[in-house]
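Enquirer: Given chain C, put chain G in place with the hints provided.
Protein chains: 2
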Amino acid sequence: MKLICSKQNLLYGVNIVSKAVPTRTTMAILECILIDASTNEIKLTANDMELGIETKIEGQIEERGIIALDAKIFSEIVRKLPDSDVTIETDSNFKTTITCEKAKFNIVGKSGDDFSYIPFIERNESVHISQFTLKEVIRQTIFSIADNDNNKLMTGELFEINENELKVVSLDGHRISIRKIQLKENYEHKKVVVPGKTLQEVSKILPGNADSEVDIYITENHIVFEFDNTTVVSRLIEGEYFKIEQMLSSDYETKVKINKRELLDCIDRATLLVKEGDKKPIIMNVTDDSVQLKINSFIGSMDEEIDVKKDGKDILIGFNPKFFIDALRVIDDEEVALYMVNPKAPCFIKDDDETYIYLILPVNFNAAAN
Amino acid sequence: MKLICSKQNLLYGVNIVSKAVPTRTTMAILECILIDASTNEIKLTANDMELGIETKIEGQIEERGIIALDAKIFSEIVRKLPDSDVTIETDSNFKTTITCEKAKFNIVGKSGDDFSYIPFIERNESVHISQFTLKEVIRQTIFSIADNDNNKLMTGELFEINENELKVVSLDGHRISIRKIQLKENYEHKKVVVPGKTLQEVSKILPGNADSEVDIYITENHIVFEFDNTTVVSRLIEGEYFKIEQMLSSDYETKVKINKRELLDCIDRATLLVKEGDKKPIIMNVTDDSVQLKINSFIGSMDEEIDVKKDGKDILIGFNPKFFIDALRVIDDEEVALYMVNPKAPCFIKDDDETYIYLILPVNFNAAAN
Chain C
1 MKLICSKQNL LYGVNIVSKA VPTRTTMAIL ECILIDASTN EIKLTANDME
51 LGIETKIEGQ IEERGIIALD AKIFSEIVRK LPDSDVTIET DSNFKTTITC
101 EKAKFNIVGK SGDDFSYIPF IERNESVHIS QFTLKEVIRQ TIFSIADNDN
151 NKLMTGELFE INENELKVVS LDGHRISIRK IQLKENYEHK KVVVPGKTLQ
201 EVSKILPGNA DSEVDIYITE NHIVFEFDNT TVVSRLIEGE YFKIEQMLSS
251 DYETKVKINK RELLDCIDRA TLLVKEGDKK PIIMNVTDDS VQLKINSFIG
301 SMDEEIDVKK DGKDILIGFN PKFFIDALRV IDDEEVALYM VNPKAPCFIK
351 DDDETYIYLI LPVNFNAAAN
Chain G
1 MKLICSKQNL LYGVNIVSKA VPTRTTMAIL ECILIDASTN EIKLTANDME
51 LGIETKIEGQ IEERGIIALD AKIFSEIVRK LPDSDVTIET DSNFKTTITC
101 EKAKFNIVGK SGDDFSYIPF IERNESVHIS QFTLKEVIRQ TIFSIADNDN
151 NKLMTGELFE INENELKVVS LDGHRISIRK IQLKENYEHK KVVVPGKTLQ
201 EVSKILPGNA DSEVDIYITE NHIVFEFDNT TVVSRLIEGE YFKIEQMLSS
251 DYETKVKINK RELLDCIDRA TLLVKEGDKK PIIMNVTDDS VQLKINSFIG
301 SMDEEIDVKK DGKDILIGFN PKFFIDALRV IDDEEVALYM VNPKAPCFIK
351 DDDETYIYLI LPVNFNAAAN
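Residue numbers (the working numbering), protein chains in the order written: chain C, 1 to 370; chain G, 1 to 370.
Hints in this document: simulated from the structure, not taken from any laboratory. Hints may contain errors.
It does not matter which identical chain is meant; a pair holds if it fits inside one copy or across any two.
Dumping the calculated DSBU-like pairs for lysine-lysine here, alpha-carbon to alpha-carbon at most 35 angstroms [said to hold, decoys possible]: (1) Lys275 x Lys197; (2) Lys80 x Lys279; (3) Lys43 x Lys294; (4) Lys255 x Lys7; (5) Lys243 x Lys204; (6) Lys243 x Lys180; (7) Lys322 x Lys19; (8) Lys275 x Lys19; (9) Lys80 x Lys255; (10) Lys104 x Lys350; (11) Lys197 x Lys184; (12) Lys294 x Lys2; (13) Lys72 x Lys204; (14) Lys204 x Lys80; (15) Lys152 x Lys344; (16) Lys243 x Lys257; (17) Lys197 x Lys80; (18) Lys243 x Lys197; (19) Lys260 x Lys95; (20) Lys275 x Lys43; (21) Lys279 x Lys180; (22) Lys204 x Lys322; (23) Lys279 x Lys104; (24) Lys204 x Lys275; (25) Lys279 x Lys102; (26) Lys294 x Lys56; (27) Lys309 x Lys180; (28) Lys260 x Lys104.
Values in this document were obtained by computation on a predicted structure and should not be read as measured data.
Extracted from the complex, chain C is given alone in its bound form:
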């Protein structure tokens, strides 16, 4: 194989596919990036068996061929090359020479035949969504997937398509995040659970232009994201996702309208008194026209009052401050509305149209001690 391409194109492609290289694996071949120039295009591929990424780069093929190169070494070499044309040449023993200006690297690759190609997925109807919107909706929900494998379904996000609406849901047993996106067309009903890791990596490599689109193909076992010159193929998580409808109620006893920035800054300040692993709640005392926030820990205490507009009853309720911070950080509205029923029932942060709903379970606390 012999090919020539610009350092920039090569680096762009390597950075994209590297996201699918597993950090730990017993199969050495998976730690490689496959360079496939066996046809008339140059394709880079990486695959950790759950998630596969392929991207095409511009370049000139002087001799067709295919080689698998250690992803870490190869990407470090490419990163440090001068900004010029790069020549990659291999011999029959997989000895690979990478030349750029006067710099010449020799490394040993592996046979491309041993590489696990990403599965071929029959393309059906695709869902179109702007890169920006997809990137945003992942950011706005990904934080509430579970961080351990105890329940596999909680490590993914529900993607549900109903006509012209995409609903994305994540939950970890203490909170639920829901975002609804309007699509430009109507689609068949689809409901799948996409691994959180896949979404995190897709979100990292998506350029995120509002003008460019992503095509999403969904099959029984796989989801495919196609954009620019890149294809991401991921397995889906099997099983029936949680029925969340029964947890969503529009009844409330207390409604609070509050400045988002003020609330976020206040809770953020309060958390510095809480050491990791220490489960101190932030306590909200909602009265007419104001919320008093209070935290009490071994280190010290903090309290602060924020002016609000309140409808309904007074309430004294405690939360894990991190859950509030996570949700408030991804809401763009200047003012948010909190809906509460009682100190043991979930609090909802949502807008009037319910384009977003963040449900947070309260925590018990000893009112006397606080």
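Expert: For chain G alone, coordinates are given in the frame of chain C:
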């Protein structure tokens, strides 16, 4: 004690003195920042017994007093406060209330009387140097102090003043860095070894203006840096510094003039083939008009040629690539001169006036295997 000052002033002061708070100590009081408002100025102090920093901040004292507050908690609180006036108030039990707008923190401090004040140093003649120059000379030499305590003197830097010249030297047994600075006045001869940690912290807190000066006082056991509203007092390292003059020779067999950027980039690229702990040398093969650089490791090999101007003999010599990278990074010249004698004698990187000299010992290598 009760005092009021802006969040910005307070944060600025806290960030400065925090550099002297030890990360690990058995004396809890040393983990504190002392706020001393017992006279008509507000002074913040921290002290790890080797290094003490004191800085004065603007503010209004409503009630004189003194308190020691846990540095980590206090600085986190200050950092997260709204950008407004901060009131700090203490009671006789050292209970401290920090109020800013509607936020109110309560933490418990310690008696200021238990705090180890920084030692009083008799001020003698001071040496004046611009903040920028001091910061630069530290950056240009600090990397070659020893990273372990086996030889205490190697963990510091020699500061030697001869008339109107300041000479700064650091060495770790494999290399020596020397910088000479012209001062505006003549001073008495002085020769002391300053702890590397002190210099690192001074360099971090120095604003580094070319127009502002630092006054340096040197006594038998201490060095004091005074600038803006800040005083840094540090113990000196005791003992006689190494005699380096005998290692500096102006004889050479080979002189190479080389583009600094090209050489640095090339060695930087080569090092990616060397894993940490792996001691692979970079081998320079100096012939007429060019240097060939070569590295060979378990991962692969690299070679590259750079055009140079050479005087004298050809030479084949090997180095620890890191030592070259460290030295080249802090040299501002576009072209550097390397002086070599033989493959076992040190290489010198220096300018014509010897305002800088970087001495690097070569390493043995098996020429046949490379």
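Enquirer: Indicate, hint by hint, whether the structure satisfies it.
Expert: Comparing the hints with the structure gives:
For a Cα distance limit of 35 angstroms, the shortest separation of Lys275 from Lys197 qualifies both inside one copy, at 28 angstroms, and across copies, at 29 angstroms. Taking the closest pair of Cα atoms, Lys80 and Lys279 come within 35 angstroms of each other only across two copies (20 angstroms); inside a single copy the shortest separation is 45 angstroms, beyond that limit. In the homo-oligomer, the alpha carbons of Lys43 and Lys294 lie at most 35 angstroms apart only across protomers (31 angstroms), although the nearest pairing inside one protomer, at 56 angstroms, exceeds that limit. In this assembly of identical chains, Lys255 and Lys7 lie within 35 angstroms of each other by CA distance solely across copies; the values are 34 angstroms between and 56 angstroms within a copy.
In the homo-oligomer, the alpha carbons of Lys243 and Lys204 lie at most 35 angstroms apart inside one protomer (29 angstroms), although the nearest pairing across protomers, at 55 angstroms, exceeds that limit. Proximity of Lys243 and Lys180 under a CA criterion of 35 angstroms is satisfied intra-copy only: 17 angstroms inside one chain copy versus 73 angstroms between copies. With identical chains, the CA atoms of Lys322 and Lys19 are at most 35 angstroms apart both within one copy (28 angstroms) and between copies (29 angstroms). Within a single copy, Lys275 and Lys19 get their C-alpha atoms as close as 32 angstroms, and across copies as close as 22 angstroms, so both meet the 35 angstroms cut-off.
Within a single copy, Lys80 and Lys255 get their C-alpha atoms only as close as 56 angstroms, which misses the 35 angstroms cut-off; across copies the closest is 28 angstroms, which meets it. In this homomeric assembly, Lys104 and Lys350 come within 35 angstroms of each other (Cα to Cα) only across copies, at 29 angstroms, whereas the closest approach inside a single copy is 58 angstroms. Taking CA atoms no more than 35 angstroms apart as the test, Lys197 paired with Lys184 passes inside one copy only; the shortest distance there is 27 angstroms, against 61 angstroms between copies. When the C-alpha separation of Lys294 and Lys2 is checked against a cutoff of 35 angstroms, the pair qualifies only between copies, where the shortest distance is 23 angstroms, while the shortest distance within a copy is 66 angstroms.
Proximity of Lys72 to Lys204 under the C-alpha cut-off of 35 angstroms is found in both arrangements, the shortest distances being 18 angstroms within a copy and 34 angstroms between copies. For the identical chains of this complex, Lys204 and Lys80 are neighbours both inside a copy (22 angstroms) and across copies (29 angstroms), given an alpha-carbon limit of 35 angstroms. Only within a single protomer do Lys152 and Lys344 lie at most 35 angstroms apart by alpha-carbon distance; the minimum there is 27 angstroms, versus 61 angstroms between protomers. In this assembly of identical chains, the alpha carbons of Lys243 and Lys257 lie at most 35 angstroms apart only when taken from the same copy (29 angstroms versus 73 angstroms across copies).
Taking the closest pair of Cα atoms, Lys197 and Lys80 come within 35 angstroms of each other both inside a single copy (28 angstroms) and across two copies (32 angstroms). Taking the shortest alpha-carbon separations for Lys243 and Lys197, only the intra-copy value of 22 angstroms comes in at or below 35 angstroms, while the best inter-copy value is 58 angstroms. In the homo-oligomer, the alpha carbons of Lys260 and Lys95 lie at most 35 angstroms apart only across protomers (32 angstroms), although the nearest pairing inside one protomer, at 58 angstroms, exceeds that limit. In the homo-oligomer, the alpha carbons of Lys275 and Lys43 lie at most 35 angstroms apart only across protomers (29 angstroms), although the nearest pairing inside one protomer, at 48 angstroms, exceeds that limit.
In the homo-oligomer, the alpha carbons of Lys279 and Lys180 lie at most 35 angstroms apart inside one protomer (32 angstroms), although the nearest pairing across protomers, at 56 angstroms, exceeds that limit. Within a single copy, Lys204 and Lys322 get their C-alpha atoms as close as 23 angstroms, and across copies as close as 32 angstroms, so both meet the 35 angstroms cut-off. For the homomeric pair Lys279 and Lys104, the shortest alpha-carbon distance between copies (21 angstroms) is at most 35 angstroms, but the shortest distance inside one copy (56 angstroms) is not. Proximity of Lys204 to Lys275 under the C-alpha cut-off of 35 angstroms is found in both arrangements, the shortest distances being 30 angstroms within a copy and 28 angstroms between copies.
With identical chains, the CA atoms of Lys279 and Lys102 are at most 35 angstroms apart between copies only, with a shortest distance of 24 angstroms across copies and 58 angstroms within one. In this assembly of identical chains, the alpha carbons of Lys294 and Lys56 lie at most 35 angstroms apart only when taken from different copies (33 angstroms versus 54 angstroms within one copy). Taking the closest pair of Cα atoms, Lys309 and Lys180 come within 35 angstroms of each other only inside a single copy of the chain (26 angstroms); across copies the shortest separation is 67 angstroms, beyond that limit. Taking identical chains as interchangeable, the C-alpha atoms of Lys260 and Lys104 lie at most 35 angstroms apart only when they sit on different chains, with a minimum of 19 angstroms there against 55 angstroms within one chain.
Hint compliance for this structure: no hint is broken.
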